[in-house]
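Participant: The listed protein sequences derive, respectively, from chains A and B. Numbered according to UniProt numbering, the first sequence terminates at residue 301, and the numbering increases by one at each position without gaps. Numbered according to UniProt numbering, the second sequence terminates at residue 439, and the numbering increases by one at each position without gaps.
Just to be clear, a hint being listed does not mean it is correct.
Which stretches of chain B does chain A cover? Using the computed rule of at least three CB atoms under 8 Å from a CB of chain A, they are [stated by the list, open to error]: (1) 40 to 54; (2) 71 to 82; (3) 86 to 99; (4) 258 to 267; (5) 280 to 287.
Chain B is faced by these chain A residues, among others (derived, beta-carbon under 10 Å) [unchecked claim]: (6) LEU138; (7) LEU249; (8) GLN257.
In silico EDC-like pairs for lysine to aspartate or glutamate, Cα to Cα no more than 20 Å straight-line [to be verified]: (9) LYS53/B to ASP242/A; (10) LYS73/B to ASP86/A; (11) LYS265/B to ASP130/B; (12) LYS73/B to GLU243/A; (13) LYS90/B to ASP241/A; (14) LYS73/B to ASP159/A; (15) LYS53/B to GLU61/A; (16) LYS90/B to GLU61/A; (17) LYS424/B to ASP227/B; (18) LYS410/B to ASP189/B; (19) LYS287/B to GLU61/A; (20) LYS344/B to ASP86/A; (21) LYS73/B to ASP242/A; (22) LYS402/B to GLU256/A; (23) LYS73/B to ASP241/A; (24) LYS53/B to ASP86/A.
Keep in mind that the hints were calculated from the coordinates and are not lab data. In this text, all values refer to a predicted model and were calculated from it rather than measured experimentally. Glycine included, C-beta positions come from ideal geometry on N, C-alpha and C.
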Amino acid sequence: MSTLAVRKTRPAAGTTPGTAQGPPRRRRTALVPTLTLALGALYCLLPVVWVVVAATKSGSELFSTFTFLPGTGFTDNVGDLSAYRDGVYWRWMANSALYAGLGALLSTAVSAVSGYALATYRFRGREALFNVLLAGVLMPPVILAVPQYLLLAEAGMTDSYLSVLLPQVLSPYGVYLARIYAAAAVPADVVEAGRMDGAGEWRIFTRVALPMMVPGLVTVFLFQFVAVWNNFLLPYIMLSDDEKFPITLGLHTLLEQGANTPALYTLVITGAFLAVLPLVALFLVVQRFWSLDLLSGAVKS
Amino acid sequence: MPYTKRRRLVTSAVAVALGASTLAACGSSDDGGDARSGPVSLTYWTWTPGMDKVVDLWNKGPGKEQQITVTVKKQASGDTLVTKILTAHKAGQAPDLVQAEYQALPTLVSNDALADISGEVDDVKGKFADGVWQQTTLGTDAVYAVPQDIGPMMFYYREDLFEQYGLEVPATWEEFARTARELKKAAPDKDLTTFSANDSGLFAGLAQQAGARWWTTEGEKWKVGIDDEATRKVADFWGGLVEEGAIDNQPMYTPAWNKALNTGKQIAWVSAVWAPGTLTTAAPDTKGKWAMAPLPQWSGSENRTGSWGGSSTAVTTDSENREAAAKFAEWLNTDADALGALAKEGGIYPASTSAQLSGAFAEPPEFFANQPDFYTKAADIAKTTAPSAWGPNVNVAYTSFKDAFGAAAKNKSDFSAALGTMQKETVADLEKQGFEVAR
Chain A
1 MSTLAVRKTR PAAGTTPGTA QGPPRRRRTA LVPTLTLALG ALYCLLPVVW
51 VVVAATKSGS ELFSTFTFLP GTGFTDNVGD LSAYRDGVYW RWMANSALYA
101 GLGALLSTAV SAVSGYALAT YRFRGREALF NVLLAGVLMP PVILAVPQYL
151 LLAEAGMTDS YLSVLLPQVL SPYGVYLARI YAAAAVPADV VEAGRMDGAG
201 EWRIFTRVAL PMMVPGLVTV FLFQFVAVWN NFLLPYIMLS DDEKFPITLG
251 LHTLLEQGAN TPALYTLVIT GAFLAVLPLV ALFLVVQRFW SLDLLSGAVK
301 S
Chain B
1 MPYTKRRRLV TSAVAVALGA STLAACGSSD DGGDARSGPV SLTYWTWTPG
51 MDKVVDLWNK GPGKEQQITV TVKKQASGDT LVTKILTAHK AGQAPDLVQA
101 EYQALPTLVS NDALADISGE VDDVKGKFAD GVWQQTTLGT DAVYAVPQDI
151 GPMMFYYRED LFEQYGLEVP ATWEEFARTA RELKKAAPDK DLTTFSANDS
201 GLFAGLAQQA GARWWTTEGE KWKVGIDDEA TRKVADFWGG LVEEGAIDNQ
251 PMYTPAWNKA LNTGKQIAWV SAVWAPGTLT TAAPDTKGKW AMAPLPQWSG
301 SENRTGSWGG SSTAVTTDSE NREAAAKFAE WLNTDADALG ALAKEGGIYP
351 ASTSAQLSGA FAEPPEFFAN QPDFYTKAAD IAKTTAPSAW GPNVNVAYTS
401 FKDAFGAAAK NKSDFSAALG TMQKETVADL EKQGFEVAR
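The shape of chain A in the complex, shown without the other chains (with noise of 0.2 Å):
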């Protein structure tokens, strides 16, 4: 996101008078605009700052000291976390890497395959297949976990890693995004001229027209990694073995032990501070696909 916004302002800092001599002056921030957009930004990132903080914070310090004042308690946290039934949190973090990894490399394959058939080929029934889609994008996946179980009892696949990872490999919104994005960035002069070579419908299909997806299906993968690895009603129905479980339930089960035991807060909230790791990581290093030259792939008429 970020990227976009850094692009759009410096041709904008170009077109600006006077900038001929020397560096460029700044343009006068518009301070509205600024204003309401800092305030959003401290509206999201509050909480995280909440979280980073109180998971520094050892049992005694997290209720008693001022919320932002950094405690003493992240090694201990930490090492607490880890120590927790034999570091059953590492192993709910490694199942969690693997539903949202695996899954979301997976769905965006269907979805990059799909997405490009949709968006290249006529055949009968395209338009009435792409309704249904567009139907399964409006429908959220939580009414759908209930049905998913049921039919996977029925073959006898429940309480297993296969349980969670398939409902999540076909992804409405994915394919929906590859077609949309393959109609664009695929054009059809392109695929003629491969036609014309002599090369197969597949070849045509991983040689030529998948580089040109990959900004698109970054995109997508990101956004089933993310789905994935919070998604919580899927596993919490389909699992009943807590070896399996990803982080999301892990937590779940840390907070609530029942009446009569106190909830582990510093050993969730430290859990939840390193959840949310990877995923930042993940945005760090995948941010650079999205700044590929999204005309790299256009036509020379």
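With chain A's structure known, arrange chain B on it following the hints.
Facilitator: Same frame as chain A, now just chain B:
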């Protein structure tokens, strides 16, 4: 709601069973594949911390002899677990054993999820207080669970601050109100306690102490008594205190509440036997400054308490080895070693009366080292627990409580109107589910 249809099919059967106190119509007849041979393995959904270690004792001891192996699958507690059990049951894949809070039992039974294990566990009835056992039978001849832990309610107060302000420990609710006012006079910035509209369990326990019976059966119909005289008395009492500002109206279990306890802004807490654990994390600086006393009474001659929390071990109708599962449930909740381990690993307060005075409870909780007879006193209080009456939609009543009382507490408005809303919504939901409700 995905269960509605199925529920309708079984509801009338259960209503009949509840009303007529007959064993017959309860759906869960004894056809559950008891003729087993060879080793059996059972799965058990529970949220109790350290349960895997307790179950290890079984797997290495009595379980090994009887070739019954139990596997623990740790779950998060709460209403969501009930939903999860029912969803699994719909697919015929519920685990053999589940942990269930007492108020969730009618919901599970009315969905035909729990097996009647009266044949297997009837002889352990005497190990539990009558009021506790009655919750697992739902007033019928059937037995749907074995009690595990209980939460008799008590009054906790800051001993040092009570002395400082010259307050006496209230024996009746009238004295409680007077104490709250005296404290306000002596120290206007402090509160005796708070009325939390977030904790339906607390209010249900207080009503139970006053003699309320929220769900009863009348013939083949359910009767909802939420807006009855006893509950109205409780609601008006707390509503009055909130309205006049004698106590706080903030919810419990928030960082602000923790802080209020930790700094001594709130100097008492109406809670249950598990409070020491909560106080340890909520108010770590006040260690050794608290004391526990029986809950204030509605009249000087009474001696009753309510319960807040507690759970049981139940066998599901999906289990193919009900007899074996019932054996384990019985061992877990009556065997001295098992209960000792449960107390040590899981921090539970056992329902079994003999275990309440066992070695594990000889010493007071660490946080209450200043009160050596903590658990002796607790066992005495536990005996006075009033009977409770749960129905098949406790979760709806609880949600309604949070909404209606939450608004009333915040606006310091009339609590009895909120009670009426709660009654109305609970009845409406029962009818929507296909139960017959007596007016």
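Participant: Any hints from earlier that this structure breaks? Give me their numbers in increasing order, please.
Facilitator: 6, 11, 15, 16
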